[in-house]
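Novice: One-letter residues, chain by chain:
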Amino acid sequence: MLELRDVRHRYAGRVVLDLPHFALPRTGMVAVVGHNGAGKSTLLRLLALLEAPTEGTVRLDGAVVPHRVPTTLRRRVTLVEQRPMLFRGSVRENLVYGLQVRGMRRAAMNGIIAETVERLGLAPLLERRRHELSEGEIQRVAVARALALRTDVLLLDEPASSADRAAAGALYRALAAERVARPFAVCIASHQLEDAYRWADDIRALADGRLSPVTPENLFRVELPPGEGLKSVRVGTIDIVVMTDRVGSAVLAVPATDMFVSREPLASSARNVFSGRVTGMAIEQRGAGVHVRADMGGVELVAAVTAQAARELALAPGSAVVFSFKATAVQVF
Amino acid sequence: MDFLGEGFRRAWVLLSLGDSEVYGIAALTLKVAALATIISCAAGLPLGYFLATRRFWGRRAALTVVNTALAFPTVVVGLLLYGLLSRQGPLGGLGWLYTWQAIVLGDVILALPIAAALSAAAIQGVDARIRRTAETLGAGRWRTAWTVAREARFALAAVLTAAFGQCVAEIGAAMIVGGNIRGSTRTLTTAVALYTSQGDFGLALALGLVLVLLALVINVVLQVLQGRGHA
Chain A
2 MLELRDVRHR YAGRVVLDLP HFALPRTGMV AVVGHNGAGK STLLRLLALL EAPTEGTVRL
62 DGAVVPHRVP TTLRRRVTLV EQRPMLFRGS VRENLVYGLQ VRGMRRAAMN GIIAETVERL
122 GLAPLLERRR HELSEGEIQR VAVARALALR TDVLLLDEPA SSADRAAAGA LYRALAAERV
182 ARPFAVCIAS HQLEDAYRWA DDIRALADGR LSPVTPENLF RVELPPGEGL KSVRVGTIDI
242 VVMTDRVGSA VLAVPATDMF VSREPLASSA RNVFSGRVTG MAIEQRGAGV HVRADMGGVE
302 LVAAVTAQAA RELALAPGSA VVFSFKATAV QVF
Chain B
79 MDFLGEGFRR AWVLLSLGDS EVYGIAALTL KVAALATIIS CAAGLPLGYF LATRRFWGRR
139 AALTVVNTAL AFPTVVVGLL LYGLLSRQGP LGGLGWLYTW QAIVLGDVIL ALPIAAALSA
199 AAIQGVDARI RRTAETLGAG RWRTAWTVAR EARFALAAVL TAAFGQCVAE IGAAMIVGGN
259 IRGSTRTLTT AVALYTSQGD FGLALALGLV LVLLALVINV VLQVLQGRGH A
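Residue numbers (my numbering), protein chains in the order written: chain A, 2 to 334; chain B, 79 to 309.
Read the hints as simulated data drawn from the structure, not as lab findings.
Be careful, since some hints might not be right.
Claimed, not checked - Sample of chain B residues at the chain A side, in silico, Cβ under 8 Å:
hint	residue
1	Asp97
2	Glu99
3	Val100
4	Thr131
5	Arg133
6	Arg207
7	Ile208
8	Glu213
9	Thr214
10	Ala217
11	Gly218
12	Arg221
13	Ala223
14	Thr225
15	Arg228
What the hints assert, rightly or not - Far from chain B, by Cβ distances over 12 Å, these chain A residues were calculated:
hint	residue
16	Ala24
17	Arg27
18	Pro71
19	Asn95
20	Gly99
21	Val102
22	Glu116
23	Ala143
24	Ala149
25	Thr152
26	Asp165
27	Arg166
28	Leu267
29	Ala271
30	Leu314
31	Ala315
Claimed, not checked - Derived coverage of chain A by chain B (criterion: at least 3 residues anywhere in the stretch with Cβ under 8 Å from a Cβ of chain B; other residues may be distant):
hint	region
32	83 to 89
33	123 to 129
Note that the coordinates shown come from a computational prediction; the quantities given were computed from them, not determined experimentally.
Built from N, CA and C at the ideal position, the CB exists for glycine as well.
Isolated chain A, as found in the complex (with noise of 0.2 Å):
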């Protein structure tokens, strides 16, 4: 229901986001993933409808977003900023500010506060200020304050990027179970893949402000086996050794860069060797890099190689590969 279209956005004559279509459905959580520089925050910003983009238009339930947006638009969406900002005066005051802008009566809003405060944890936090708090608090608060308006969607700009595994957690948790009670689009921009993969419906990558044609690579959904350090664990046709003490339900990611490409098995102290054939080739944005996917044996892999290497192994669609990685290369969530 909020969707850009045929947007390019330039900064000082320079194109900073590329987006010939991009969509967040009306329920469900959209991770946008990427490195810092990537566009991320400028399309959330371009989201919450604080900027017009340069060329293109900006949709909300069909309809074009005119350049000078009504409240009424803007009170639908909301952005919580990766360093926020909290206004002078107590956490309390804080978290009213949007409830009394939207001439919301004090039972209510009191009534949503409370609920807000408890779903956060942000209870003995209520009184203080914004100079009496840390870096991560501050980003609970924003977020909390986000959340109290109950809008239809929640952009948030690496929320827990200042907090702790425990407080990321916990803000994820809060997230889902506001979901659960009532329907509502969130979108995220983080650089930590981690949580992107955890939490999210759908991830989708940003690199040099295009959307990525490649999604983050490599990633499982399996079963851990008890036990602790080395494991085997079955991936489709193939078995991925890993080092882990997790048990259960769990994702693997193996960074297309840590993987080694070779036209033959290597000697190596790899526990992972695959041998497969190249499915197909993309040129990163700059031209630098190439991403490879290889068949092996019915489970995808990418590899991420310069140029001069593919060019030097003579990689092409249809040649035979193989892929090695070791088992600390494997990330678990």
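Given the structure of chain A, go ahead and fit chain B onto it with the hints provided.
Specialist: Using the frame of chain A, we list chain B on its own:
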């Protein structure tokens, strides 16, 4: 030193006895300065906010004009205003020449650029995220402006002080368009100039002390207000 001491002694007598002329002049000065401050800030603060937050063609030129107007000589403003308000001038029909209203007008012209330029600088000093946050939380234009202004309250209080300081201490334009008429347009600054030139140093000093006292009281009041709004 005797001369100075005598001046202070006479000033003290005039002030403690509640000399009607001294207090009359002080009251008129306060009225004129307060009114001019209110008008110049009522126009200057929104103008400053607009210049600080909006991107439009000619914005840089507008800021340059406002900043240049900060250094406008007061006697030149008085002279131009005299031309406008004199019987043959385009505003002669108002009949304001040699009235306290003319002094207010002069003060507004001089204080408006101060209010606009300093408030623009104050608003520009507020973190841009405050404005964006207010907007993303659903605040309309006025509420957003109020939220940003609250964040810049210390700097904006200084703008008020500076504007009031300009109005209360102004002499060039007040002398030319007010005429320094006793009981009508004589302000503290024009009176100090007059009595000093007449050799009545005690009276001039008494009025000077009132002027300083006035500035002090206004500053203390503003500081108390600022203190209440801590963080």
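Novice: Run every hint past the structure and note whether it holds.
Specialist: Hints, verified against the model:
no., hint, result
1, Asp97, "violated, 46 Å"
2, Glu99, "violated, 46 Å"
3, Val100, "violated, 42 Å"
4, Thr131, "violated, 13 Å"
5, Arg133, "violated, 11 Å"
6, Arg207, "holds, 4 Å"
7, Ile208, "holds, 6 Å"
8, Glu213, "holds, 6 Å"
9, Thr214, "holds, 5 Å"
10, Ala217, "holds, 5 Å"
11, Gly218, "holds, 5 Å"
12, Arg221, "holds, 5 Å"
13, Ala223, "violated, 13 Å"
14, Thr225, "holds, 6 Å"
15, Arg228, "holds, 6 Å"
16, Ala24, "holds, 20 Å"
17, Arg27, "holds, 20 Å"
18, Pro71, "violated, 10 Å"
19, Asn95, "violated, 9 Å"
20, Gly99, "violated, 4 Å"
21, Val102, "violated, 5 Å"
22, Glu116, "holds, 18 Å"
23, Ala143, "violated, 8 Å"
24, Ala149, "violated, 10 Å"
25, Thr152, "violated, 8 Å"
26, Asp165, "holds, 23 Å"
27, Arg166, "holds, 26 Å"
28, Leu267, "holds, 51 Å"
29, Ala271, "holds, 46 Å"
30, Leu314, "holds, 48 Å"
31, Ala315, "holds, 52 Å"
32, 83 to 89, "holds (count 5)"
33, 123 to 129, "violated (count 0)"
Consistency with the previously given hints fails for numbers 1, 2, 3, 4, 5, 13, 18, 19, 20, 21, 23, 24, 25 and 33, ordered from lowest to highest.
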